[in-house]
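Engineer: What follows is each chain in one-letter form.
Protein chains: 2
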Amino acid sequence: MFAPRIDRLTSSLVRDILALATQPGMISFAGGLPAEEGLFKPQDAGIDLNALPDTLWQYGMSEGEPALREWVAQRACAMGLACSSKQVLILNGSQQGIDLVAKLLVEEGDRVLVESPAYLAALQVFRLFGAQMHGIRQDNDGTLPAALESAPNARFVYLTPTFQNPTGRCTSLRRRAELAEICDQRQLPVFEDDPYRDLSFDAPAPAPLVSRLKSARWIYQGSFSKTLAPGLRLGYLIAHPDFYPALVKLKQAADLHTNRLSQFIVLQALQRGLIEPHVARNLPIYRERRDAMQAALQQHLSGKADWTVPSGGLFFWLHLREKIDGMALLHAALARGLVFMPGDTFFAGEPEYPALRLNFSHSSPDEIRRGVAILADLLNTIRVVPDFSCASEVDKLAQ
Amino acid sequence: MFAPRIDRLTSSLVRDILALATQPGMISFAGGLPAEEGLFKPQDAGIDLNALPDTLWQYGMSEGEPALREWVAQRACAMGLACSSKQVLILNGSQQGIDLVAKLLVEEGDRVLVESPAYLAALQVFRLFGAQMHGIRQDNDGTLPAALESAPNARFVYLTPTFQNPTGRCTSLRRRAELAEICDQRQLPVFEDDPYRDLSFDAPAPAPLVSRLKSARWIYQGSFSKTLAPGLRLGYLIAHPDFYPALVKLKQAADLHTNRLSQFIVLQALQRGLIEPHVARNLPIYRERRDAMQAALQQHLSGKADWTVPSGGLFFWLHLREKIDGMALLHAALARGLVFMPGDTFFAGEPEYPALRLNFSHSSPDEIRRGVAILADLLNTIRVVPDFSCASEVDKLAQ
Numbered sequence: 001m002f003a004p005r006i007d008r009l010t011s012s013l014v015r016d017i018l019a020l021a022t023q024p025g026m027i028s029f030a031g032g033l034p035a036e037e038g039l040f041k042p043q044d045a046g047i048d049l050n051a052l053p054d055t056l057w058q059y060g061m062s063e064g065e066p067a068l069r070e071w072v073a074q075r076a077c078a079m080g081l082a083c084s085s086k087q088v089l090i091l092n093g094s095q096q097g098i099d100l101v102a103k104l105l106v107e108e109g110d111r112v113l114v115e116s117p118a119y120l121a122a123l124q125v126f127r128l129f130g131a132q133m134h135g136i137r138q139d140n141d142g143t144l145p146a147a148l149e150s151a152p153n154a155r156f157v158y159l160t161p162t163f164q165n166p167t168g169r170c171t172s173l174r175r176r177a178e179l180a181e182i183c184d185q186r187q188l189p190v191f192e193d194d195p196y197r198d199l200s201f202d203a204p205a206p207a208p209l210v211s212r213l214k215s216a217r218w219i220y221q222g223s224f225s226k227t228l229a230p231g232l233r234l235g236y237l238i239a240h241p242d243f244y245p246a247l248v249k250l251k252q253a254a255d256l257h258t259n260r261l262s263q264f265i266v267l268q269a270l271q272r273g274l275i276e277p278h279v280a281r282n283l284p285i286y287r288e289r290r291d292a293m294q295a296a297l298q299q300h301l302s303g304k305a306d307w308t309v310p311s312g313g314l315f316f317w318l319h320l321r322e323k324i325d326g327m328a329l330l331h332a333a334l335a336r337g338l339v340f341m342p343g344d345t346f347f348a349g350e351p352e353y354p355a356l357r358l359n360f361s362h363s364s365p366d367e368i369r370r371g372v373a374i375l376a377d378l379l380n381t382i383r384v385v386p387d388f389s390c391a392s393e394v395d396k397l398a399q
Numbered sequence: 001m002f003a004p005r006i007d008r009l010t011s012s013l014v015r016d017i018l019a020l021a022t023q024p025g026m027i028s029f030a031g032g033l034p035a036e037e038g039l040f041k042p043q044d045a046g047i048d049l050n051a052l053p054d055t056l057w058q059y060g061m062s063e064g065e066p067a068l069r070e071w072v073a074q075r076a077c078a079m080g081l082a083c084s085s086k087q088v089l090i091l092n093g094s095q096q097g098i099d100l101v102a103k104l105l106v107e108e109g110d111r112v113l114v115e116s117p118a119y120l121a122a123l124q125v126f127r128l129f130g131a132q133m134h135g136i137r138q139d140n141d142g143t144l145p146a147a148l149e150s151a152p153n154a155r156f157v158y159l160t161p162t163f164q165n166p167t168g169r170c171t172s173l174r175r176r177a178e179l180a181e182i183c184d185q186r187q188l189p190v191f192e193d194d195p196y197r198d199l200s201f202d203a204p205a206p207a208p209l210v211s212r213l214k215s216a217r218w219i220y221q222g223s224f225s226k227t228l229a230p231g232l233r234l235g236y237l238i239a240h241p242d243f244y245p246a247l248v249k250l251k252q253a254a255d256l257h258t259n260r261l262s263q264f265i266v267l268q269a270l271q272r273g274l275i276e277p278h279v280a281r282n283l284p285i286y287r288e289r290r291d292a293m294q295a296a297l298q299q300h301l302s303g304k305a306d307w308t309v310p311s312g313g314l315f316f317w318l319h320l321r322e323k324i325d326g327m328a329l330l331h332a333a334l335a336r337g338l339v340f341m342p343g344d345t346f347f348a349g350e351p352e353y354p355a356l357r358l359n360f361s362h363s364s365p366d367e368i369r370r371g372v373a374i375l376a377d378l379l380n381t382i383r384v385v386p387d388f389s390c391a392s393e394v395d396k397l398a399q
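Read top to bottom, the protein sequences are chains A and B. Just so we're aligned: the first sequence equals residues 1 to 399 in the numbering used here. Just so we're aligned: the second sequence equals residues 1 to 399 in the numbering used here.
Derived from the structure by calculation, the hints contain no laboratory data. Treat the numbers as computed from the prediction; the structure is a model and nothing was measured. Any given hint might turn out to be false.
Unchecked claim - Here are some chain B residues pointing at chain A (derived, C-beta under 7 Å):
#1 Q58
#2 W71
#3 G93
#4 L120
#5 Q124
#6 V125
#7 A254
#8 L256
#9 R260
#10 L378
#11 T381
Idealized CB from N, CA, C, for every residue including glycine.
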C-alpha cells in the first residue's frame, strides 16, 4: 500500500513517550523543550503585532524575507562563518533543513556518517530516505578524528559539535580544526546542525566547524526555537554555493515558503537587538536547572553512571555502568510519574552502551530533584527483563 | 554530487517567470496570487494579535491544534465529506500535502495518474520522487471517465476537480460520481487537491469527489491561502484512516509541526465566523476581473483560441488553434511588459495542444484589458522560431 520508505519510518514509540510527557503530574526529562519561563513573547517585548505590514499576507519568496536573510548572514559572519545573504534559506524550523538536505544528497543505499549517538529525528529522516548510516565514535570532546578518518566513503557527515543532542558535548576549537581538515582531505561534505549555540552557560561557543573548511562543501543550520520560541517554527540554513540553488528549489517544492508572520517577528527582534538580552535573561534559569540536575545526579547516581556536566544546550547524557533494559526502566518510571528518553534510539545501529538522555530545561529544580531521586531508586531495583515487550507496554500506557 | 532525484528538479524557468512577474510596470497573468485587495488582515478583522495565548510559543502537536482540526473536520462534514478531526493534519500550506503524499506513496518508477494538464508544482514533486506520470485526458467537464477507466495501474490518481489549475474547469456532480465509481472498482487511491473551492463565482461548488468513494482510499486537501492569505502558509489534509498515521509521522519528520501563530489566526477567524463574509466581499472583485478578461478575450482572441469561462478559481486556459512556440511568445511578451505561463509545463509528458494559462485575480480590469490586447497583437505577429533557446533568453531577462 505504501512506498517502501514508510517501512523505515521509526515506530511511534518516541511520539508516545513525548505524548506521555505532557500528562498532568508527570515529571518530564523526555523532550527538548525550552523553559516555559524563557519563551519570547513578542507583545511583551514591545513588538506590536497589530501593526504587521500589509505586504506580509501575500505569497513570499522561497528563499525567505531578504532583510531576515541579510541579518542571518551578518550574524553568521560575526561568529566566524564567512557567507553572504545569497546563501541563506529561511526554514520552517531547522528540522526542515534535515528533510531538504536528505532530499539533496541521500538516495536509497547511500552511506551517511553520523555521530554515535546522534540527534534522533535526524537519524529518522536519513533512514526514511534510505541512508545506510555509519556511526562515528565520540569522546568527551566530541567526534573522534581517527574514527572520522577511517570511516568509509559517504555522501556527507552530519555533525552537531556544539552542545550536542543527546550528549551535551561541545567540541573544542582544536578538535573542530582537526575534523575540518579531515573533511577537506576527504572532500567530505559537512552538514552542521547548530540549534543550541546561544544556550551557552559558561563561555561563548567556539566558531562553527564548517567555518574551518577550506574546500569541502557544507551546509550549516541554526534555529530560533531555542533562543526565542519553538512555536514560531523558524530556522535557517546557510549553504555552500554549489548546494544552495537546488536547496531553494527543494524548499519551494516542499511548501513554497516559510510563514511570513514568524519571519516578521524574528526580524523585528533582530533589528531591535532583543535576542541577546532575552537569552541573557534566560541563561540563569538554564544554569540553575543544569546545576540542580548535576547536584541530584551526584547525590544519587555516582557509581551507577558516568556523565559530563554540559556547558550548554538542554541535556545530560548518562552512560550507565550496568547493562539495563532502558525500556523496562522507562516503563517502571512511567508508573512513578517520571519520563525520560532511553539512550538506544540515539544510536544509528546497535547501541554502543546503555544510556539515558535527561532534559533539564523544562522542569523546575524541585521537579529535577524529585525525578532524579525516582530514577536512582528504580536503577537500584530494576533488573533486565529479557522478553519484555517495551513498545506494546508503552502503547498500552499511552491509551 | 547530488542524489539522482535532483536531476529531475524542474529547471528554474518557472521561478524565473514568476520573478519577472514582480518587476515594476509588468502586467502579470503568470502567478496564482489572490487579489491584494482581498487579503485577510487579522488586525482589520478585529483579531487582537497582541493577545496571543502564552501557550502558543512552545512546541505544538504535529497533527495541528486540536480546536482547528475540529473546525476543519466540521466544515468538511458540512460540505459532504464524512470525517472526524482525528483524520485532519494541519499543513504549512497545502503544497506541503503534496510532498507528504509523494513520500507516502511514490517510490522511484511508480506510476501516478494525473490530469492532463495538471497543477505544475504537483507534477514537479511527483517527478522529484521519481514518479512515472500518466496524463488522463479531460473535456470541459474535467477528467474523462473512459480515460481513467483505461489508464494503467497506478499508486494513486491526483485530481483537482474544482476550478482546476490550470484549466479552471469544475467537474459536475454526475461526473464526480462516475469517476469515484471507477476509483472504487479499481481500488485506486484518490488524492484530491481543493484549494479554490470557496472562490466560486456563480453557485456553490459540488461536494468533493472523494466524498463519493465507497471503498477506495483517499486524501483530500484544502487551503486557507486563497480564502484568507497565502502569507499565513496554512493548509490541511484529511486522510483515510489507513493513510493518516504515516502522514503524521512524515509531517513530524518534515518540520515537527505547523506554525502556531497562523493556526491561532485561522482558528479565530473560524470561531468568529469571519471567513464566509470575507470571501463574500471578495467574490465581486474576482467576478469583475474574470468578466473583464472574458470580454477582452472575446474582443481580441475569438478565432485564435478556445476557452471556457471559469465559474471559479483564478485562471483562464487558452487552447490555441495554431501551434506556436509558447516560450517565443513569452519572450516577445516580456519585452512588451506582459508575463503569463506557457501551457507546455502543465502537461506531464508531451503537450497535448498549444495553450496558455492566464491568471485574472491579481491584475486590475484595466491591466487585464491592456494585457490581453498585447497578447492578441503578439499572436498576430509571432511565428515559431524553431531553434529559439527559451530558457537562456528568460534567464537573460531575469538578470
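Engineer: With 7 Å as the cut and Cβ atoms as the points, is R260 (chain B) at the interface with chain A?
Structural biologist: At about 4 Å, which falls below the 7 Å cut-off, the nearest Cβ of chain A leaves the hint on R260 (chain B) intact, so it holds.
Engineer: Quick check on the hint: G93 (chain B) CB to chain A CB, less than 7 Å?
Structural biologist: 5 Å, holds
Engineer: Can we keep the V125 (chain B) interface hint, with Cβ of chain A closer than 7 Å?
Structural biologist: 5 Å, holds
Engineer: Would the hint on L120 (chain B) be counted as holding, given a Cβ-Cβ threshold of 7 Å to chain A?
Structural biologist: 11 Å, violated
Engineer: Using Cβ atoms only, decide whether Q58 (chain B) comes closer than 7 Å to chain A, and label the hint accordingly.
Structural biologist: 6 Å, holds
Engineer: With 7 Å as the cut and Cβ atoms as the points, is Q124 (chain B) at the interface with chain A?
Structural biologist: 6 Å, holds
Engineer: Checking hints one by one. Is L378 (chain B) an interface residue toward chain A, by the C-beta closer than 7 Å rule?
Structural biologist: Violated: closest Cβ of chain A sits about 27 Å from L378 (chain B), beyond 7 Å.
Engineer: Does L256 (chain B) pass the interface hint, meaning its C-beta sits closer than 7 Å to a C-beta of chain A?
Structural biologist: 5 Å, holds
Engineer: Against chain A, run the beta carbon of T381 (chain B) and see if the smallest gap drops under 7 Å.
Structural biologist: 33 Å, violated
Engineer: So, W71 (chain B) near chain A? Judge it on the closest CB pair being under 7 Å.
Structural biologist: 19 Å, violated
Engineer: Against chain A, with CB atoms and a cut of 7 Å, does the hint on A254 (chain B) hold up?
Structural biologist: 5 Å, holds
In the structure shown, a violation is registered for the earlier hints numbered 2, 4, 10 and 11, in ascending order.
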